[in-house]
Amino acid sequence: MNVPANLKYTESHEWVRADPDGTLTIGITDHAQNALGDLVFIELPAVGRALSQGEACAVVESVKAASDVYAPVAGEVVAINDAVTNAPEQVNQDAYSAWLFRMRPSALDALASLLDAAAYTKTIGEA
Amino acid sequence: MQRSAGAAEGVIPKTAQAKGLRRKPIDLESGSRERGNGRDREAHRRGTRWNTEVPSQSLRYQGQTGRCVIFARRPFSWIRENDVLKTTPLNALHRAAGARMVDFGGYDMPVHYGSQIDEHHAVRRDAGMFDVSHMRVVDINGEPPAPRDFLRYALANNVDKLKTRGKALYACMLEPHGGVVDDLIVYFLRDDWFWLVVNASTADKDAAWLRKLADERRANVSITPRSDLAMVAVQGPNARQKVWRALPRAESATRDLEPFTSAEIADDSDPIFIGRTGYTGEDGFEIIVPAGRAETLWKALEREGVARCGLGARDTLRLEAGMNLYGQDMDETVTPLESGLGWTVDLASPRDFVGKSALATSAPKRRLVGLLATGAGGVLRAHQKVSGREGDGEITSGTFSPTLSKSIALARVPIGVATGDIVDVHVRDKRVTARVVKPPFVRNGAVLVE
Numbered sequence: 000m001n002v003p004a005n006l007k008y009t010e011s012h013e014w015v016r017a018d019p020d021g022t023l024t025i026g027i028t029d030h031a032q033n034a035l036g037d038l039v040f041i042e043l044p045a046v047g048r049a050l051s052q053g054e055a056c057a058v059v060e061s062v063k064a065a066s067d068v069y070a071p072v073a074g075e076v077v078a079i080n081d082a083v084t085n086a087p088e089q090v091n092q093d094a095y096s097a098w099l100f101r102m103r104p105s106a107l108d109a110l111a112s113l114l115d116a117a118a119y120t121k122t123i124g125e126a
Numbered sequence: 000m001q002r003s004a005g006a007a008e009g010v011i012p013k014t015a016q017a018k019g020l021r022r023k024p025i026d027l028e029s030g031s032r033e034r035g036n037g038r039d040r041e042a043h044r045r046g047t048r049w050n051t052e053v054p055s056q057s058l059r060y061q062g063q064t065g066r067c068v069i070f071a072r073r074p075f076s077w078i079r080e081n082d083v084l085k086t087t088p089l090n091a092l093h094r095a096a097g098a099r100m101v102d103f104g105g106y107d108m109p110v111h112y113g114s115q116i117d118e119h120h121a122v123r124r125d126a127g128m129f130d131v132s133h134m135r136v137v138d139i140n141g142e143p144p145a146p147r148d149f150l151r152y153a154l155a156n157n158v159d160k161l162k163t164r165g166k167a168l169y170a171c172m173l174e175p176h177g178g179v180v181d182d183l184i185v186y187f188l189r190d191d192w193f194w195l196v197v198n199a200s201t202a203d204k205d206a207a208w209l210r211k212l213a214d215e216r217r218a219n220v221s222i223t224p225r226s227d228l229a230m231v232a233v234q235g236p237n238a239r240q241k242v243w244r245a246l247p248r249a250e251s252a253t254r255d256l257e258p259f260t261s262a263e264i265a266d267d268s269d270p271i272f273i274g275r276t277g278y279t280g281e282d283g284f285e286i287i288v289p290a291g292r293a294e295t296l297w298k299a300l301e302r303e304g305v306a307r308c309g310l311g312a313r314d315t316l317r318l319e320a321g322m323n324l325y326g327q328d329m330d331e332t333v334t335p336l337e338s339g340l341g342w343t344v345d346l347a348s349p350r351d352f353v354g355k356s357a358l359a360t361s362a363p364k365r366r367l368v369g370l371l372a373t374g375a376g377g378v379l380r381a382h383q384k385v386s387g388r389e390g391d392g393e394i395t396s397g398t399f400s401p402t403l404s405k406s407i408a409l410a411r412v413p414i415g416v417a418t419g420d421i422v423d424v425h426v427r428d429k430r431v432t433a434r435v436v437k438p439p440f441v442r443n444g445a446v447l448v449e
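Residue numbers (numbering that gives the first Met the number 0), protein chains in the order written: chain C, 0 to 126; chain Y, 0 to 449.
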């Protein structure tokens, strides 16, 4: 399973990229899209919404099931990826380029609580 | 096919054993497990990796039943003996193909082999095949006219419609109060032999129910679930052509089969039963062979370019075709009249059947309709509330329709709801607008609702 080394992760299968401007870009992992199957609907949070860590803030639906997406850290939504709401299959095609939303974290050391690639790989049951 | 002496029931294919799937055969009639050797139990307790699908931690799904299910990562030792799933004769091939597997009706079955949407399109546009060996063929045998007499009583549809050998009929079995025990297809093979094909999750219940009825009626019939058989459904506009290329010796017997008729290619060593039936709204065949011939059949169809399709595509196809799924769209708590199945109940003929008096005097307050989502906001799913001018109802089955690129559903609503009505579906915290339509949504590749 694809787990890029330069990203951070949550146990609930979100990936997080720290961008130079201090914001975080968030999506769901390759493992998650594979487990969900063909995605057909994505609902993203409103820009400007304040989120606490672990708060359910987006929904991805495959044909068979709906799944929540959780804020990896506390902060504010600064951007959402409209393209992916029109073409949810992009997430299946490339989970790490089909980002869902961007946040400005409220804490400077936000990433410290997240998993690195090796730790996430372990949680999904691969050596 | 006649039941061959000594046919093994629930035998695990050797290839499956070679892959480390250590499971003891289940006697499907009694439900009891054969005693295996102690080594198997020990391996199980140690946590032998028999299932390559390890659910991941914290991935939450809200499935079609509306439940929130949390999968946790746990060692294999927690799996109790009774949790081990049954397998079909094609299980090893599905796993070798990398299929995503799931528990369906107690069977380890493929949901998809990569993309259930691609598999759906393959059936609508070309040809796809499904392993449906988890469904159960049941022999009804007896000296004529006992089998026909018995089925006249046991089924809500009238087997007297089956006048020629090989003809098939879709029917429900009802309880005396009119609730649905199962839906099934009945085949008239010979005067002393009928076949029922019933659902996987209800197979044991159905056999027990039929035996009870036969006892009560003192019917001189034997009821024999056939776990020695495998079944493959090949569906799509090119399905029959590809079946004939894969099975040339079957062509002459099946070339002129009408829909809902069947033929047997009787060959003692290699019998094949083929019915022009299906659960997708496309043309095609359902093929029944002895379990030991299933792999050969599957591979021959694959070589002719028939796409492998799993239960995910099966569900989107049948829902587009407006076909009910037992356990979701109907069960013992509702009558066929409340389930869009009034057309399968023959109340006109004078014969008595189980549930007849209850239906004849019932005045249904609800009916089953189709819904086509017109607004955005999510996928229509089972158990979501439906609100409209006539009152509230509930979705029984919902999904995303790959052919329509919209969400569709079947819903049980107040009887006054009419085709064309606009309703609101409660999806999570939102309202998704939908239009009431008359199913089917799609048939033979053509969209019937706009």
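Because the hints were derived from the structure by calculation, they are not lab data. A few of these clues could be false.
To be verified - Far from chain Y by the CB rule (all over 10 Å, computed), these chain C residues:
hint: 1; residue: N91
hint: 2; residue: D93
hint: 3; residue: S96
hint: 4; residue: D115
Unchecked claim - Reference listing, derived: stretches of chain C covered by chain Y, where coverage requires no fewer than 3 residues with Cβ under 8 Å from a Cβ of chain Y:
hint: 5; segment: 1-8
hint: 6; segment: 18-28
Said to hold, decoys possible - Using C-beta positions, here's what the derived DEER-type ranges look like:
hint: 7; chain 1: Y; residue 1: W192; chain 2: C; residue 2: D93; range: 53 to 59 Å
hint: 8; chain 1: Y; residue 1: P413; chain 2: C; residue 2: A82; range: 40 to 46 Å
hint: 9; chain 1: Y; residue 1: K429; chain 2: C; residue 2: N5; range: 32 to 38 Å
hint: 10; chain 1: C; residue 1: D93; chain 2: Y; residue 2: D391; range: 55 to 61 Å
Small disclaimer: the values here were computed from a predicted structure and weren't measured. Where is the CB? At the ideal position from N, CA and C, for every residue including glycine.
Cross-check of the supplied hints:
Listed as outside the interface, N91/C is inconsistent with that label: its C-beta sits roughly 8 Å from the nearest C-beta of chain Y, within the 10 Å cut-off. Under the 10 Å C-beta cut-off, the non-interface status given to D93/C relative to chain Y holds; the minimum distance is some 15 Å. Distance check on S96/C: its Cβ is at least 19 Å (rounded) from any Cβ of chain Y, clearing the 10 Å threshold; non-interface status holds. The claim that D115/C lies off the interface holds: its Cβ sits roughly 17 Å from the closest Cβ of chain Y, which is beyond the 10 Å cut-off.
Check on the segment 1-8 of chain C: 0 of its residues sit with their Cβ under 8 Å from a Cβ of chain Y, so the three-residue criterion for coverage is violated. As drawn, the segment 18-28 of chain C meets chain Y at 0 residues by the rule of a beta-carbon pair under 8 Å; below three, the given contact is violated. Between W192/Y and D93/C the C-beta distance comes to about 56 Å, which sits within the given range of 53 to 59 Å. Between P413/Y and A82/C the beta carbons are some 41 Å apart, a value that agrees with the proposed interval 40 to 46 Å.
Checked against the hint of 32 to 38 Å, the C-beta distance between K429/Y and N5/C comes to roughly 36 Å, which is consistent with it. Between D93/C and D391/Y, the C-beta spacing of about 42 Å breaks the proposed range 55 to 61 Å.
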